[in-house]
Amino acid sequence: MKKIKKILIANRGEIAVRIIRAIREMELSPVVVYSDADKLSLHVRLADEAYYIGESPSSQSYLLGDRIIETAKKAGADAIHPGYGFLAENAEFAKMVKKAGIIFIGPEPDAIIQMGSKTRSREIMKKAGVPIVPGTTEPISNIEDLKKIASEIGFPVLLKASAGGGGKGMRKVEKIEELEKSYERATSEATSSFGDPDVYIEKYIEEPHHIEIQILADNSGNTIYLGERECSVQRRYQKIIEETPSPFITDKIRKEMGDIAVKAAKAVNYRNAGTVEFIVDKNQNFYFLEMNTRLQVEHPITEMVTGIDLVKEQIKIASGEDLSFKQDDIKPRGSSIECRIYAEDPFNNFSPSPGKIIEYVSPAGGIGVRDDSGVYEGFEVPIFYDPLISKLVTWGRDREEAINRMKRALFEYRIAGIKTSIPYFLQIFENKEFLSGNYTTSLIERIEKVKVENPEDYEFVALLAAGLRSMEMNGNGSKHSEDNDSQNTNWKRSGRMRTMRRF
Amino acid sequence: MRFSLSIDGEKREFDILDNDGEFELRSGEKRKTFTINKLWSRNILIKDENNKVYNVFVDKFEEGHCVFFKGRSFAIKDATSRKTGGGFDMDGEIVIKSPLPGQIKKVFKKENDEVEEGESILVLEAMKMENEIKSPKKGVIKKISVKEGTSVDPQAELFTVE
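Residue numbers (numbering that gives the first Met the number 0), protein chains in the order written: chain B, 0 to 502; chain E, 0 to 161.
Hint data in this document are derived by calculation from the structure and do not stem from the laboratory.
For clarity, every value in this text was computed on a predicted model and none was experimentally measured.
Quick reminder that beta carbons are idealized off the backbone N, C-alpha and C, glycines included.
Check the hints yourself; a few may be wrong.
[What the hints assert, rightly or not] Residues from chain B that keep clear of chain E, each with C-beta distances beyond 12 Å, as calculated:
#, residue
1, 51
2, 65
3, 125
4, 136
5, 186
6, 207
7, 235
8, 247
9, 252
10, 255
11, 258
12, 356
13, 462
[Said to hold, decoys possible] One-sided and incomplete, this derived list gives chain B residues near chain E with beta-carbon spacing under 7 Å:
#, residue
14, 157
15, 359
16, 463
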């Protein structure tokens, strides 16, 4: 395989920045692409070369595989890193890249296809001896079969769209009378969301945990696992906080899950970095959910405890190198947590909050804090893309230290001008259930019913600050004689003497 | 001094009284007293009656102010001026426009349906998030300008309620 010197990143935002960093540390050259909305994006500023590829909507820029490959050729890039989202799990794109004589930094297209369909991957896993949630491996086409199977595996059951993801096209059914109606709605939802009406049935796992295993596999077939990530803090099936190690599972289960994840990857001849997701019930029985054939958003927490840069490993594997370490060399140390900082308003139904950032102070300072951010002060968060602006990650010798460090970092993080999920995280880190470590995927649903803060106090403070500021701007400050005692520590006097000063 | 401001789009009327360096904020029946300590132009400390101190950032922003503390960013604008939005003229027809570019995922209502204030009319998917667009008042849906699957630009008409 040819040596990689220049890599084009087919992505944007914080993940593009993350990948640039790995490329530069390997003394290779990072090339990026950008849309209209991303002209001033951080990834454009940090790259060696940047090429315009189209209008702001991703369908006219970041999803245009041909144009990205053309650009890679023009720039003389040897490889393309897809990041996550956009074209990362598009087998057609991976094939086209290969055909153009460029290295795709990721698995073979076949592995993407095999793991891309939920029903097909279940079938493959079942054959390989990987435990799957009881249910069907084939789509169900009639209600009679459905009733029969549901009764066999026992209620409650879950109807899922074959082509689904992100919680869409999923429906929990409590009893047999509800089955027919739910089936109709699930198929129609599957058709409208994914253009594919196929649904299958699974046993509904009660008090579930969502735990995943990071794996790395090289071209000689060496496949290892790098520990797990507990991803049970989810809002509407989207992960928002991840941690490693999982405070829930035992070392014995940890090892079993790791071995099974390796088996799952080998069953599809997996190469490069990937993640095997499991659902774990309250008795620590675990079942294969799906495999993500790409880098994960939450990959940094694994890096923090293993010391291994997963993006560098991806690049090395893609250029034909074998892994330089073995399973026994992987000894995770300490504890790590990630918060996904989103541009959205947690106090207004998590609606997107694009706009200009007028103050930005990153808390990435001091021991054990990492801020994988894609923004800066003065940057305008575009309305066209995913609202993830940064991944805030902490490391501690144990879980408690990692959590306290995260609270410190969240406290220091200052992003003004747009709304972010930061105050929401501060609330979660006060939650007893979360702190106990014994929480399931329903944690957030239950937290959301509890209102912790008193917004009225906050509102008064905000109004006062703005009111005072505009009084000063308009020269309406109170009329007091000004003295020049700048060391004044008295709050009353400070208010009195300085109000009238113009800023 | 009297203020009419909107905080995150919600209108508030209140007075700030300067009592010899102590500031009293009055809003309807509610009264709270604060003292302040300015650090520099964009940064003030505000202390409430219980000696709780807020380290507050405040700066000009989009024809108003941005205030930031405790991880929260507030947009505060003059509510007397029309263009700042937030308030609708609640009489007659109201045309609801799309706040973001996106795609209509669901339409719950049809024309001539009666709706309550705050009732969801449709779901707009933008920034990969689903947003429910609600009726600003009780009334009747006069027109729905989109259907499921329609892609909309910012400011595109979504529906009209009377």
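- request: Beyond 12 Å from every chain E Cβ: check whether that's true for residue 65/B.
  value: Given a closest Cβ separation of 22 Å, the condition holds.
query: Since residue 51/B was said not to touch the interface, does its Cβ keep a gap of more than 12 Å from each Cβ of chain E?
result: holds (20 Å)
- request: Report holds if the minimum CB distance from residue 207/B to chain E is greater than 12 Å, and violated otherwise.
  value: Label holds. Min Cβ-Cβ 23 Å, cutoff 12 Å.
- prompt: When you look at the beta carbon of residue 252/B, is every beta carbon of chain E farther off than 12 Å?
  reply: holds (33 Å)
query: At a threshold of 7 Å, is the proposed contact between residue 463/B and chain E supported by beta-carbon distances?
result: Since the shortest Cβ distance to chain E is 5 Å, the answer is holds.
Minimum Cβ distance from residue 462/B to chain E greater than 12 Å, as the annotation requires: The assertion about residue 462/B is violated, with a minimum of 6 Å to chain E.
- prompt: Is the Cβ of residue 125/B farther than 12 Å from every Cβ of chain E?
  reply: holds (32 Å)
field: Distal placement of residue 186/B relative to chain E, Cβ over 12 Å
entry: holds (16 Å)
Closest CB of chain E to the CB of residue 356/B still more than 12 Å away: violated (9 Å)
query: Does residue 157/B meet its interface restraint, that is, does its C-beta lie within less than 7 Å of any C-beta in chain E?
result: Since the shortest Cβ distance to chain E is 21 Å, the answer is violated.
message: Does residue 258/B clear chain E by more than 12 Å, comparing its Cβ with all Cβ atoms of that chain?
response: holds (35 Å)
query: Does residue 255/B really sit off the interface, with its C-beta more than 12 Å from all C-beta atoms of chain E?
result: holds (35 Å)
The earlier numbered hints that this structure contradicts are 7, 12, 13, 14, 15.
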